[in-house]
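Note that the protein sequences, when read in sequence, are chains B and D. By our numbering, the letter at position 493 of the first sequence is numbered 493, and the numbering carries on one by one without gaps. By our numbering, the letter at position 187 of the second sequence is numbered 187, and the numbering carries on one by one without gaps.
In short, the hints are calculated from the structure, not lab data. A virtual CB, placed ideally from N, CA and C, is assigned to each residue, including glycine. Take these hints with a grain of salt, some might be off.
Residues from chain D that face chain B, not an exhaustive set, calculated with beta carbons under 10 Å [said to hold, decoys possible]: (1) I12; (2) A13; (3) Y190; (4) A191; (5) R200.
With beta-carbon atoms standing in for the labels, derived distance ranges [claimed, not checked]: (6) B:G473 / D:V178: 33 to 41 Å; (7) B:M258 / D:Y115: 49 to 57 Å; (8) B:V118 / D:A242: 36 to 44 Å; (9) B:G473 / D:S129: 36 to 44 Å; (10) D:V301 / B:P119: 56 to 64 Å; (11) B:V118 / D:K181: 18 to 26 Å; (12) D:K181 / B:N467: 36 to 44 Å; (13) B:N467 / D:R208: 36 to 44 Å; (14) D:I175 / B:D164: 53 to 61 Å; (15) B:P119 / D:A242: 56 to 64 Å.
Capping the alpha-carbon separation at 20 Å, the derived lysine to any residue pairs in SDA-like fashion look like this [said to hold, decoys possible]: (16) D:K181 / B:G453; (17) B:K441 / B:T420; (18) D:K85 / D:T142; (19) B:K441 / B:K182; (20) D:K181 / B:L396; (21) B:K243 / B:N467; (22) D:K181 / B:T387; (23) B:K135 / B:S185; (24) D:K181 / B:F372; (25) B:K443 / B:K366; (26) D:K181 / B:P100; (27) B:K182 / B:S116; (28) D:K207 / B:A355; (29) D:K207 / B:D331; (30) B:K366 / D:K85; (31) D:K181 / B:R400; (32) D:K181 / B:L389; (33) D:K207 / B:R384; (34) D:K181 / B:R131; (35) D:K181 / B:K182; (36) D:K207 / B:T351; (37) B:K366 / D:V166; (38) D:K181 / B:T420; (39) B:K441 / D:S184; (40) B:K49 / B:A105.
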Amino acid sequence: MAIPGRVLRRGRACQTLKPLISHDSQDSRPLWELREISKAFPGVQALDKVSLSLRQGQIHALLGENGSGKTTLAKCLAGAHQPDSGEMLLQGEPVVLDHPLDAVAHGVATIYQELSLVPALTVAENIFLGRPLTKAKTGLIDWEQMRRMTRVTLQELAIQMDPDAVVQSLSGAEQQLIEIAKAISLESSLVIMDEPTAALGLAETRRLHELIRRLTKRGKAILYISHRLDEVFQIADVITVLKDGLRIDTSPLAELDMSDVVQMMVGIDIEQHYPKEHNARSEVCLQVRDLVTENGVNGVSFDVHAGEVFGLGGMVGAGRTEIARALYGVDRLEGGTMQLFGKSVRFSAPTEAVAAGVGLVPENRKADGLFFNFEGPPNITISRLRTLLRGPFLSLVAERQAGREYVDRLRITPTSLERTVEFLSGGNQQKVVIARWLFSKAKLLILDEPTQGVDIGAKLEVYRVINELTEQGIGIILISSDYPELLAISDRIAIIRDGRILHVAPANELNEYKLLSIASGADASNGNGTLHM
Amino acid sequence: MESLARFFRSPIAGPLSALILAVIVVSLSTDRFFTAQNLANVSLQVSGVAIAAIGSTLVILTAGIDLSPGSLVALTASILAVLVKILGLPLPLGIVLALIMGAGLGAVNGGLVAYGRIPSFIATLATFSIFRGLAFLVTKGTPIFSISPNLDRLFYGRMAGIPLPVIYVAVLYSITFVFLKYTSPGRAIYAVGGNESAARLSGIQVKRIHLLVFVLAGLTAAIAGVLIAARLNSGSPNYGVAMELATIAAAVIGGASLAGGEGNIVSTLFGALTVAVVQNGLNLNAVPAAFQNITLGVIIVLAVGVDMWSGDVGRGLSRVFSFRRKESG
């Protein structure tokens, strides 16, 4: 059953593949075989010798926690990342994908988590983006033909949509469906779907699943990435679990049950040192009741005590960052109340939150946190310049002193005093942002993924700083996708899903298994607090 | 050697070198450059552009752009002429009203940008046209001469032997230097230009900063307008044509980044002086006006181009000098 390997040219759809024996063709050669793929990013081994076989007509689910390497693996197959080592074979022939177009030419269609549509163009234009149909005689674009083909593709997928509709006028779910239609129209043999249902409702998810089954009947291979275990168990044929860049297991669905999978995703962690101090006081720092925003916070209530680390756990997109944005005055509140140390507050802008003593260490410190045109001290003092005023003028001497004090206290590299923060390591940059809120005497600090992309040493430093903050009675809201960290550093944890708090518990009563079960929806009781294990 | 190495790293190194280079080349080309009379002329000529360039620099520091100062210069001079010559207001009151109007029209620019969320290029392109139109409207399209016998003293007068415009420039640049370096709003201007999102999340009232820089840009353009009216003792809707290009050029030659957050006011002055010296040199050598425009364009490209590569050159030079120091030490 060998199909001779062919050198495919970039930019041309792979149309040479005939359907092999589809379905239960376990013995036939896989469509794609990945052998010992490794990929490292600064500070992280994202993939460590991961092997995987994808077969025609088969839905292969890739599972793992945030940061386990799922998306990196998908991006290697999609040509967006190049593996450091390892081999990728298409029907037995080694191929190198240097560019996403290479992958497309080899029949790989990818639907990313983030949409890749051009908002100002129509549905048809987006589906034929970069490969418009032209009239043979004139070389001009054949709009009629493009519309017709788009209509056929949409009909095939049972999608009701006008090919001439402008994409930005459509809902997120509709855009997701276009993304899928686009991938399918590419005559691909492998479709990679990274969290395809993140923006979809229940009915749309069901429709997508029907669609995926239809695709497999036509002999396509599907790589399905999701953290929604309930979904994966409805649709997958084979499940592979990744953890910390390692492949933990690959098994047919029939041989697995959900709790096995959760156990594998959690794994047994290498003992890590988390220097946690418990400084929570009885005094309530922040009281939140029935918080609602347009941006996906659906009635959230909780208290944060002075000196407490209140963790928000949940999957990417569960609504944790949205809660932070609501508290900080970035997103407008549609309902709910907030009290800061017993005083009612309502912030319509971050300025007001900062003035009231709330600080935010944003998830993306480069885009939202740091001033690359400033050295360390001006970055630290920016939120409370008035303490540097001598009369109407800023005292640069006082600023330097303050800078030196916080650089010493948080063990930030002294070069930050002389050079712009662009040149600092991720850990030092993060500490500069935290120092800003120490300097501004914040009473409540929101830390959104504070250790993302920093090395182990810098992580420990961040934990040490958190202890220092809580000792002073500062309340901390910690958002982290690193569950062991979240469990170790938080005093209490709220588990968020779909913009709601499903469960609040002291951190020592939770473990990764429970956390993940509730956050991913694998827990049948759906997080009403009665877990049976 | 150490101080020399530090000089090549400092942000004023490039603009100052450009100015010195321009002075050397021009003084070699003609012996009429280094005369007291000519230098006084250059300083008078540059004063209007230099003052309006303060506003352009402030706006550019916040990653915005202001295309309207040339038109605002014409409008201010015209309004001043109408207020004093036609309506008979006392000269000091007329000047104060003209300056207030300049700041107010700057606030219109700023309001459109900050609160109307119109990109500064578009908003000021619109007011560039509107202000010029208003200038024609208030003067009925003709220049108004002999505004006041006391007006031209503001331009041609001297204090302690120094021409007044030189003093205005020195004072306004000093104030701006202190404002940018030693006040909270000055710091906030750099923060907004460096990273607007981080500035907002740090509690800075970003919209107010955008409004502020346009108000100040309107005010400095109005001062330039009054100065030009004083120079000719008349107001005309044709003043300040293409002046926005000269002020932006001064800021850019001075090393201000259009991406925002980078630049300083002293360098803008060097930028304005460089342009003035080169233009003066071309005048002295009787080069036709066409080549003067072309030369200005070439200078802008060279200044920005050199800035793009100068990272490497400047670092190289500073390395050479610090290396020698180590060797000798």
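Hints, one by one, checked against the model:
no. : hint                        : verdict
1   : I12                         : 16 Å, violated
2   : A13                         : 17 Å, violated
3   : Y190                        : 6 Å, holds
4   : A191                        : 6 Å, holds
5   : R200                        : 6 Å, holds
6   : B:G473 / D:V178: 33 to 41 Å : 39 Å, holds
7   : B:M258 / D:Y115: 49 to 57 Å : 53 Å, holds
8   : B:V118 / D:A242: 36 to 44 Å : 38 Å, holds
9   : B:G473 / D:S129: 36 to 44 Å : 58 Å, violated
10  : D:V301 / B:P119: 56 to 64 Å : 35 Å, violated
11  : B:V118 / D:K181: 18 to 26 Å : 44 Å, violated
12  : D:K181 / B:N467: 36 to 44 Å : 37 Å, holds
13  : B:N467 / D:R208: 36 to 44 Å : 37 Å, holds
14  : D:I175 / B:D164: 53 to 61 Å : 58 Å, holds
15  : B:P119 / D:A242: 56 to 64 Å : 38 Å, violated
16  : D:K181 / B:G453             : 34 Å, violated
17  : B:K441 / B:T420             : 24 Å, violated
18  : D:K85 / D:T142              : 14 Å, holds
19  : B:K441 / B:K182             : 51 Å, violated
20  : D:K181 / B:L396             : 9 Å, holds
21  : B:K243 / B:N467             : 29 Å, violated
22  : D:K181 / B:T387             : 16 Å, holds
23  : B:K135 / B:S185             : 19 Å, holds
24  : D:K181 / B:F372             : 17 Å, holds
25  : B:K443 / B:K366             : 24 Å, violated
26  : D:K181 / B:P100             : 48 Å, violated
27  : B:K182 / B:S116             : 10 Å, holds
28  : D:K207 / B:A355             : 17 Å, holds
29  : D:K207 / B:D331             : 17 Å, holds
30  : B:K366 / D:K85              : 56 Å, violated
31  : D:K181 / B:R400             : 14 Å, holds
32  : D:K181 / B:L389             : 12 Å, holds
33  : D:K207 / B:R384             : 18 Å, holds
34  : D:K181 / B:R131             : 53 Å, violated
35  : D:K181 / B:K182             : 53 Å, violated
36  : D:K207 / B:T351             : 11 Å, holds
37  : B:K366 / D:V166             : 43 Å, violated
38  : D:K181 / B:T420             : 16 Å, holds
39  : B:K441 / D:S184             : 18 Å, holds
40  : B:K49 / B:A105              : 25 Å, violated
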